[in-house]
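Undergrad: Spelled out, the chains give:
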Amino acid sequence: MSLYKVSIDNIEVEVEPGTTIMNAARKIGGNVVPPAMCYYSKLEGSGGKCRTCLVKVAQTSAVDTRPMPKLVASCRTMVQDGMVVQNITSPEVLDARKAITEFLLINHPLDCPVCDQAGECDLQDLSYEHGLEETRTTEDRRTFEPIDIGEYIKLNMNRCILCYRCVMVADQITDKRVHGILNRGDHSEISTYIKQAVDNDFSGNMIDVCPVGALTDKTFRFKSRVWFTNPFDAHRDCPHCSGKTVLWMKGKEVLRVTGRKDKYGELEEFICNDCRFHHKEVTEWVVEGPRKIERHSVISQNHYENLSDDKKLKP
Amino acid sequence: MATKILLENIEAPGLATFDCYRKLGGYASVEKALKSLSPDSITQEVLKSGLRGRGGAGFPTGMKWNFIDKKSDKPHYFICNFDESEPGTFKDRHIGQLNPHQLIEGMILGSYALGARSAYIYIRGELFYVLNIIEKAIDEAYQKGFLGENIMGSGYSLDLYCQPGGGAYICGEETALIESLEGKRGNPRIKPPFPALVGLYNCPTVVNNVETIANLPWIINHGADAYAALGTLKSKGTKLISACGHINKPGIYEIELGLPVEEFIYSDEYCGGIRNGNQLKAVVAGGSSVPILPAELILKTAKGEPRLLSYESLEEGGFQTGTMLGSGGFIVMDHTACIVKNLLTFARFYHHESCGQCSPCREGTGWMEKILRRIEAGKGSMKEIDLLADIAKHIDGTTICPLGDAAAWPVSSAIRHFRSEFEEHIIQQKCPFTK
Ligand SMILES: Cc1cc2nc3c(=O)[nH]c(=O)nc-3n(C[C@H](O)[C@H](O)[C@H](O)COP(=O)(O)O)c2cc1C
Ligand code: SF4
Ligand code: SF4
Ligand code: FES
Numbered sequence: 023m024s025l026y027k028v029s030i031d032n033i034e035v036e037v038e039p040g041t042t043i044m045n046a047a048r049k050i051g052g053n054v055v056p057p058a059m060c061y062y063s064k065l066e067g068s069g070g071k072c073r074t075c076l077v078k079v080a081q082t083s084a085v086d087t088r089p090m091p092k093l094v095a096s097c098r099t100m101v102q103d104g105m106v107v108q109n110i111t112s113p114e115v116l117d118a119r120k121a122i123t124e125f126l127l128i129n130h131p132l133d134c135p136v137c138d139q140a141g142e143c144d145l146q147d148l149s150y151e152h153g154l155e156e157t158r159t160t161e162d163r164r165t166f167e168p169i170d171i172g173e174y175i176k177l178n179m180n181r182c183i184l185c186y187r188c189v190m191v192a193d194q195i196t197d198k199r200v201h202g203i204l205n206r207g208d209h210s211e212i213s214t215y216i217k218q219a220v221d222n223d224f225s226g227n228m229i230d231v232c233p234v235g236a237l238t239d240k241t242f243r244f245k246s247r248v249w250f251t252n253p254f255d256a257h258r259d260c261p262h263c264s265g266k267t268v269l270w271m272k273g274k275e276v277l278r279v280t281g282r283k284d285k286y287g288e289l290e291e292f293i294c295n296d297c298r299f300h301h302k303e304v305t306e307w308v309v310e311g312p313r314k315i316e317r318h319s320v321i322s323q324n325h326y327e328n329l330s331d332d333k334k335l336k337p
Numbered sequence: 009m010a011t012k013i014l015l016e017n018i019e020a021p022g023l024a025t026f027d028c029y030r031k032l033g034g035y036a037s038v039e040k041a042l043k044s045l046s047p048d049s050i051t052q053e054v055l056k057s058g059l060r061g062r063g064g065a066g067f068p069t070g071m072k073w074n075f076i077d078k079k080s081d082k083p084h085y086f087i088c089n090f091d092e093s094e095p096g097t098f099k100d101r102h103i104g105q106l107n108p109h110q111l112i113e114g115m116i117l118g119s120y121a122l123g124a125r126s127a128y129i130y131i132r133g134e135l136f137y138v139l140n141i142i143e144k145a146i147d148e149a150y151q152k153g154f155l156g157e158n159i160m161g162s163g164y165s166l167d168l169y170c171q172p173g174g175g176a177y178i179c180g181e182e183t184a185l186i187e188s189l190e191g192k193r194g195n196p197r198i199k200p201p202f203p204a205l206v207g208l209y210n211c212p213t214v215v216n217n218v219e220t221i222a223n224l225p226w227i228i229n230h231g232a233d234a235y236a237a238l239g240t241l242k243s244k245g246t247k248l249i250s251a252c253g254h255i256n257k258p259g260i261y262e263i264e265l266g267l268p269v270e271e272f273i274y275s276d277e278y279c280g281g282i283r284n285g286n287q288l289k290a291v292v293a294g295g296s297s298v299p300i301l302p303a304e305l306i307l308k309t310a311k312g313e314p315r316l317l318s319y320e321s322l323e324e325g326g327f328q329t330g331t332m333l334g335s336g337g338f339i340v341m342d343h344t345a346c347i348v349k350n351l352l353t354f355a356r357f358y359h360h361e362s363c364g365q366c367s368p369c370r371e372g373t374g375w376m377e378k379i380l381r382r383i384e385a386g387k388g389s390m391k392e393i394d395l396l397a398d399i400a401k402h403i404d405g406t407t408i409c410p411l412g413d414a415a416a417w418p419v420s421s422a423i424r425h426f427r428s429e430f431e432e433h434i435i436q437q438k439c440p441f442t443k
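Chain order of the listed sequences is A and B.
If you want our numbering, it's the 1-based position in the first sequence plus 22.
If you want our numbering, it's the 1-based position in the second sequence plus 8.
So that you can see chain A by itself, here it is in the shape it has in the complex (with noise of 0.2 Å):
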């Protein structure tokens, strides 16, 4: 089948048809990717809800050079043959991009100085690039009671985005979901059927695919900020998936165990939770060596991953 040729701020890329614009940009990577806050490429039907990543159509295709009505979510639009698209090159992208993240913001309780998330956050991410300097509210945040769903995982849903991607783990790579969206508007939240715990083999990944801090690993609950501790690539062979993961140490201690995530925050493989809780000694792994962190994200800040070893940050 012929590729379908694409520009994406005036860089040209050619794609297989059924393509989306989202993927036809991570082909040119760099800055013309924008942001996503709900799609995640592992899972079906991701994607299209939290309009982070909306971009114009200034054309939609080489037969029909009318630009498309509206601004378009990148994650879930197909491209076209010809189509030329604008995402940081358009004002009225960056402006409605701003306007998005304010939007994610006015109910989140910005507690980034005790969130364990804090760090490696997506929302963090975008804050810093498209927020606002100063709030434009003054009304109460939408608050929660916090409610226990099992013995892994914390929800703090004064957090949560309504990603919809833990739900989608849920149906899609365990067994049994229980947990799941109620209510409607910015009174949705997740929560579990009659709450139950969650519990399930894999059902760890949700903290990984949560892109901010309301599902986050209890086992690891406030043992340290992330960018104090050390990432190294690690395996084990286990029965029940492919046994790579990444060890976050503080000298020689395990303090966390998750999956290995690429440029885009994404999981290169889902792991089980047998992996991710039950084994927090060295000794249970074969370590490959430092993880270099790919994500522009508050993290690399400091550039830890420029640095020579005996600089890395020290516990």
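FYI, nobody ran anything at the bench for these hints, they're computed from the structure.
Note that this is a predicted model, so its numbers are computed, not measured.
One or more of the hints may lead you astray.
Computed spacing ranges between beta-carbons, pair by pair [said to hold, decoys possible]:
id	chain 1	residue 1	chain 2	residue 2	range
1	B	N210	A	H300	37 to 45 Å
2	B	K82	A	P89	31 to 39 Å
3	A	P168	B	M71	48 to 56 Å
4	B	F75	A	Y286	31 to 39 Å
5	A	T159	B	F441	23 to 31 Å
6	B	R424	A	E291	48 to 56 Å
7	B	E143	A	V136	34 to 42 Å
Dumping the calculated EDC-like pairs for lysine to aspartate or glutamate here, alpha-carbon to alpha-carbon at most 20 Å [stated by the list, open to error]:
id	chain 1	residue 1	chain 2	residue 2
8	B	K199	A	E66
9	B	K391	A	E156
10	A	K120	B	D394
11	A	K78	A	E36
12	A	K78	B	D413
13	A	K78	B	E432
14	B	K192	A	D197
15	B	K387	A	E211
16	B	K378	A	D162
17	B	K378	A	E156
18	B	K387	B	D342
19	B	K401	A	E114
20	B	K391	A	E161
21	A	K120	B	D413
22	B	K192	A	D162
23	A	K120	B	D398
24	B	K192	A	E211
25	B	K378	A	E66
26	A	K92	B	D342
27	B	K192	A	E66
28	A	K92	B	D398
29	B	K401	A	D117
30	A	K92	B	D404
31	A	K120	B	D404
32	A	K120	B	E392
33	B	K82	B	E190
34	B	K387	A	E161
35	B	K443	B	E304
Yeah, the Cβ is synthetic: ideal placement off N, Cα and C, and Gly gets one too.
Fit chain B with the ligands to the known structure of chain A by using the hints.
TA: Just chain B with the ligands, lined up with the frame of chain A:
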């Protein structure tokens, strides 16, 4: 007397029963269609009639039917959208309650044209009493052989179901309706794909409004040309207008499209003028979602022409000076009405009804309500009027479904046309309309 298609026999006692409806000529179009018309020729007839969807968007019905993937070997579905929940719109329930067989007759025609073997009426959950009436009528239609296997020996079979809705305004959005009908949470789907290709159970599906469907028997009986002879160039046929607010005669009226707004408001045949001889102040012409217009712009366009009740005339002037026909919910306000308070009521509704899937609508609707609540209570600031307009601007066009736009337009238009009233609330630190 103007031609009536929907309310012709509405006062006939017992119209909701099969026998009465049949005696008045009911189900003749089904006999005609199943005996002598092919499904495609019905679609052609509907296309030629110029009928446009009465659910709000005014999309040409025949064109929508033509998008159905005819080659698909999956079943096709025809769905009636009876979720009617838009503030100010109360016309569909009138048909369902008093004339259910006309809706069923239309459902049979549409289903036959689209090749559907199963059809659904998705009815707003709160309308229990109407649900009961419709279910009874469906039972009768089965007994009389107009539904079920091999209808009138034609070889065509159809099952019709009536399903109570999930209790949310958003379930009236056609893809949310489909999700809800499938037993899921009523979240709108991301379009494309449109239901004509991927609809109910991922099969080709058409969703039409109650009033749209109730027009079909007349079109098949009298022909597309007779229908297209009614109305204006771009607005064919008649339209139900549910009129409410500060008028002498609130109610449901069937008008021929193109009727001057002034006549509709002031003539005794329709609204009978403003209550207590008061001054007309503003009208929301098409249900709560459409832009509000001040008296001078609803009676005459910015060009000075009389404003008509038709799609094109109400849209004249775009959003700067025009509005939309929408679903035909006509809300009239006299000079005693507080625009800010009315807007707060709408804002509260959209905040409450947002499904919460996409961030601009989920977060923005609540924010707008809170600001409006402050302004209305006399506790707002001038800066907040611009903030409100700015929030509305950024919800408009950035959401998954049109509920976001519907929440934004009333706010933008109220500020556009009635800014001074917002300012008065702030200067006087109270609502200027309360003593
Ligand atoms: C939030 C929302 C609510 C809606 N509610 C209704 C409704 O109650 N009834 C209806 O017929 N259409 C409603 N619509 C429009 C439907 O999505 C759809 O366009 C319509 O049913 C199509 O029928 P028509 O072509 O016959 O107008 C709604 C749309 C939105 C966005
Ligand atoms: S808890 Fe996290 S992953 Fe789940 S919907 Fe909320 S933000 Fe998304
Ligand atoms: S616009 Fe509002 S109602 Fe529509 S999908 Fe988004 S959040 Fe839901
Ligand atoms: S990433 Fe595209 S809408 Fe969320």
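Undergrad: Now tell me if each hint is right for this structure.
TA: Hints, verified against the model:
no.	hint	result
1	N210(B) / H300(A): 37 to 45 Å	40 Å, holds
2	K82(B) / P89(A): 31 to 39 Å	34 Å, holds
3	P168(A) / M71(B): 48 to 56 Å	52 Å, holds
4	F75(B) / Y286(A): 31 to 39 Å	35 Å, holds
5	T159(A) / F441(B): 23 to 31 Å	28 Å, holds
6	R424(B) / E291(A): 48 to 56 Å	53 Å, holds
7	E143(B) / V136(A): 34 to 42 Å	56 Å, violated
8	K199(B) / E66(A)	16 Å, holds
9	K391(B) / E156(A)	15 Å, holds
10	K120(A) / D394(B)	17 Å, holds
11	K78(A) / E36(A)	19 Å, holds
12	K78(A) / D413(B)	18 Å, holds
13	K78(A) / E432(B)	39 Å, violated
14	K192(B) / D197(A)	19 Å, holds
15	K387(B) / E211(A)	31 Å, violated
16	K378(B) / D162(A)	10 Å, holds
17	K378(B) / E156(A)	19 Å, holds
18	K387(B) / D342(B)	25 Å, violated
19	K401(B) / E114(A)	12 Å, holds
20	K391(B) / E161(A)	15 Å, holds
21	K120(A) / D413(B)	18 Å, holds
22	K192(B) / D162(A)	32 Å, violated
23	K120(A) / D398(B)	12 Å, holds
24	K192(B) / E211(A)	16 Å, holds
25	K378(B) / E66(A)	36 Å, violated
26	K92(A) / D342(B)	36 Å, violated
27	K192(B) / E66(A)	17 Å, holds
28	K92(A) / D398(B)	17 Å, holds
29	K401(B) / D117(A)	11 Å, holds
30	K92(A) / D404(B)	10 Å, holds
31	K120(A) / D404(B)	14 Å, holds
32	K120(A) / E392(B)	19 Å, holds
33	K82(B) / E190(B)	16 Å, holds
34	K387(B) / E161(A)	13 Å, holds
35	K443(B) / E304(B)	27 Å, violated
Of the numbered hints listed earlier, those contradicted by the structure are 7, 13, 15, 18, 22, 25, 26 and 35.
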